[in-house]
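Peer 1: So you can see what is in the structure, the chains are spelled out below.
There are 2 protein chains.
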Amino acid sequence: MTHTEKHLKSSDFITDIVIGMSDGLTVPFALAAGLSGAVSSNKIVITAGIAEIVAGCIAMGLGGYLAGRTELEHYQSELKREYDEVERMPDKEKQEVKEIFAEYGISADGQEQLVEEMSKDKNKWVDFMMKFELGLEKPNPNRARNSALTIGMAYCVGGMLPLSAYFFTTHPYQGLLLSSVITTVCLFVFGFFKSKVTGQPPFMGALKVTMIGIIAAAVAFLIARLVS
Amino acid sequence: MTHTEKHLKSSDFITDIVIGMSDGLTVPFALAAGLSGAVSSNKIVITAGIAEIVAGCIAMGLGGYLAGRTELEHYQSELKREYDEVERMPDKEKQEVKEIFAEYGISADGQEQLVEEMSKDKNKWVDFMMKFELGLEKPNPNRARNSALTIGMAYCVGGMLPLSAYFFTTHPYQGLLLSSVITTVCLFVFGFFKSKVTGQPPFMGALKVTMIGIIAAAVAFLIARLVS
Chain A
533 MTHTEKHLKS SDFITDIVIG MSDGLTVPFA LAAGLSGAVS SNKIVITAGI AEIVAGCIAM
593 GLGGYLAGRT ELEHYQSELK REYDEVERMP DKEKQEVKEI FAEYGISADG QEQLVEEMSK
653 DKNKWVDFMM KFELGLEKPN PNRARNSALT IGMAYCVGGM LPLSAYFFTT HPYQGLLLSS
713 VITTVCLFVF GFFKSKVTGQ PPFMGALKVT MIGIIAAAVA FLIARLVS
Chain B
533 MTHTEKHLKS SDFITDIVIG MSDGLTVPFA LAAGLSGAVS SNKIVITAGI AEIVAGCIAM
593 GLGGYLAGRT ELEHYQSELK REYDEVERMP DKEKQEVKEI FAEYGISADG QEQLVEEMSK
653 DKNKWVDFMM KFELGLEKPN PNRARNSALT IGMAYCVGGM LPLSAYFFTT HPYQGLLLSS
713 VITTVCLFVF GFFKSKVTGQ PPFMGALKVT MIGIIAAAVA FLIARLVS
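Here the protein sequences line up with chains A and B, keeping their order.
Start counting the first sequence at 533; every next residue gets the next number (this note's numbering).
Start counting the second sequence at 533; every next residue gets the next number (this note's numbering).
Excised from the complex, chain A in its bound form (with noise of 0.2 Å):
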């Protein structure tokens, strides 16, 4: 228990910095690529870039941090819910407290006596519903704003490797053909690591991760070369 939670907790972080790399490598890039099939100057590229990096960062970042609020007011309505309840209707909540056990093949004399030790102390068996009949684990208050500066930072780090080629080149081509080494390497490093840290086997992993990019980048090229 106590391995599994520490490995839950730690992992937390690298989740985020997951999350936001894995955007961030690919769509900037992607469109960086879909770009310099359409116009000749890098200045553009390069503009659109770090307009679509900003716009990336604020909207994982500022968006992670809502969704990690409404995810903590969420939980905590409905532990308001659930204290009302074991209150006003123990009866009620007791025989769901029966149905989730009985579900995993308790005897109802076994379903009784289990009721009757839990409902003892109203804090655990609160927390029991929460877990066991709403699915709900109860969030870390200061996730919402790691969570955004992580992914956003994130977001804005991987961005900016597939960017830096065009800062370093005069023409939209050579800064594509820099782009695509820089950012094969870094999707194939970034995929390899991403994937021993979820447990997957890491070369497939890697060979995903970039394969999503380059197909991106490919099609983005294709159809900014067609519209144009």
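These are calculated hints, taken from the structure and not from any lab test.
Incorrect hints may have been included.
[Unchecked claim] Simulated restraints on C-beta separations:
(1) A:LEU668 to B:LEU739: 49 to 59 Å
(2) B:SER573 to A:GLN608: 48 to 58 Å
(3) B:HIS606 to A:PHE720: 18 to 28 Å
(4) A:GLN706 to B:LEU739: 39 to 49 Å
(5) A:PRO734 to B:THR716: 42 to 52 Å
(6) B:SER639 to A:ASP623: 16 to 26 Å
(7) B:GLY731 to A:ASN674: 21 to 31 Å
(8) A:ARG620 to B:PRO733: 49 to 59 Å
(9) A:ARG620 to B:GLY731: 15 to 25 Å
Everything numeric in this text was worked out from a predicted model, so none of it was measured.
Where is the CB? At the ideal position from N, CA and C, for every residue including glycine.
Using the hints provided, position chain B relative to the given structure of chain A.
Peer 2: Below, chain B alone, put in the same frame as chain A:
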């Protein structure tokens, strides 16, 4: 119990639409706004916008598909491990069940009775460990594919709304003005329904969603202006 599960299942589709459309309405809008302050041709804004939508659509859709596949594989490998453990070291697994119930104030006698009853049926026992020790719900095998399509389509539809303004105008400033009006209305309506679905106060929720979009677009506009 049944009611809650139904509620969660029917909202997978809605959740995916919300995920795709949140970013779809915000990021392409902000990118187009950023470029509007830096370039003088609607064609560039449209090309960049379409490249972004394609890139975002593929990154989110394909990313969502692979994440769903990974979740399914992870569940199946943990399920196999749990069956192995129950077979090879039933006493350790019984101890883990007891520890879970000890947390909810169940007496040693109660724990003993419970674990004896539950361990009679290995499938139920393993189901219990999967859900309450590891916190894993059985994923729907079609979820990955459905999720990818829904998120990708929602992103695409969301992104075309702000971009459509640039088709009907001749200069990026006019495009930006019309796009801001269209997108603000869409963000507000979308935020209202999103909040209804997620059980938040709809008016406040709509304001939050609208503010994220406007802030992202304003910052992207200012930074693109500075860069160019």
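Peer 1: Within 16 to 26 Å or not, the Cβ separation of B:SER639 and A:ASP623?
Peer 2: Check passed, 22 Å falls within 16 to 26 Å.
Peer 1: So the hint says 49 to 59 Å: do the beta-carbon atoms of A:LEU668 and B:LEU739 match that?
Peer 2: The hint (49 to 59 Å, Cβ to Cβ) is violated, given that A:LEU668 and B:LEU739 are roughly 26 Å apart.
Peer 1: Is 48 to 58 Å respected by the C-beta to C-beta distance linking B:SER573 and A:GLN608?
Peer 2: For B:SER573 and A:GLN608 the Cβ distance comes to about 50 Å; the hint holds.
Peer 1: Confirm or reject the claim that A:ARG620 and B:PRO733 have a C-beta distance inside 49 to 59 Å.
Peer 2: violated, 24 Å
Peer 1: With 18 to 28 Å as the target window, see if B:HIS606 and A:PHE720 comply at their CB atoms.
Peer 2: Given about 22 Å between the Cβ atoms, the range holds.
Peer 1: Do the Cβ positions of B:GLY731 and A:ASN674 conform to the proposed distance bound of 21 to 31 Å?
Peer 2: holds, 23 Å
Peer 1: Per the hint of 39 to 49 Å, is the separation of the Cβ atoms of A:GLN706 and B:LEU739 within bounds?
Peer 2: holds, 45 Å
Peer 1: Indicate whether the distance between the beta carbons of A:PRO734 and B:THR716 respects the range 42 to 52 Å.
Peer 2: At 45 Å between Cβs, range holds.
Peer 1: Given the hint of 15 to 25 Å, is the C-beta distance from A:ARG620 to B:GLY731 inside that range or not?
Peer 2: This hint holds: roughly 21 Å between Cβ atoms.
Checked against the numbered hints given earlier, this structure breaks hints 1, 8; the rest are met.
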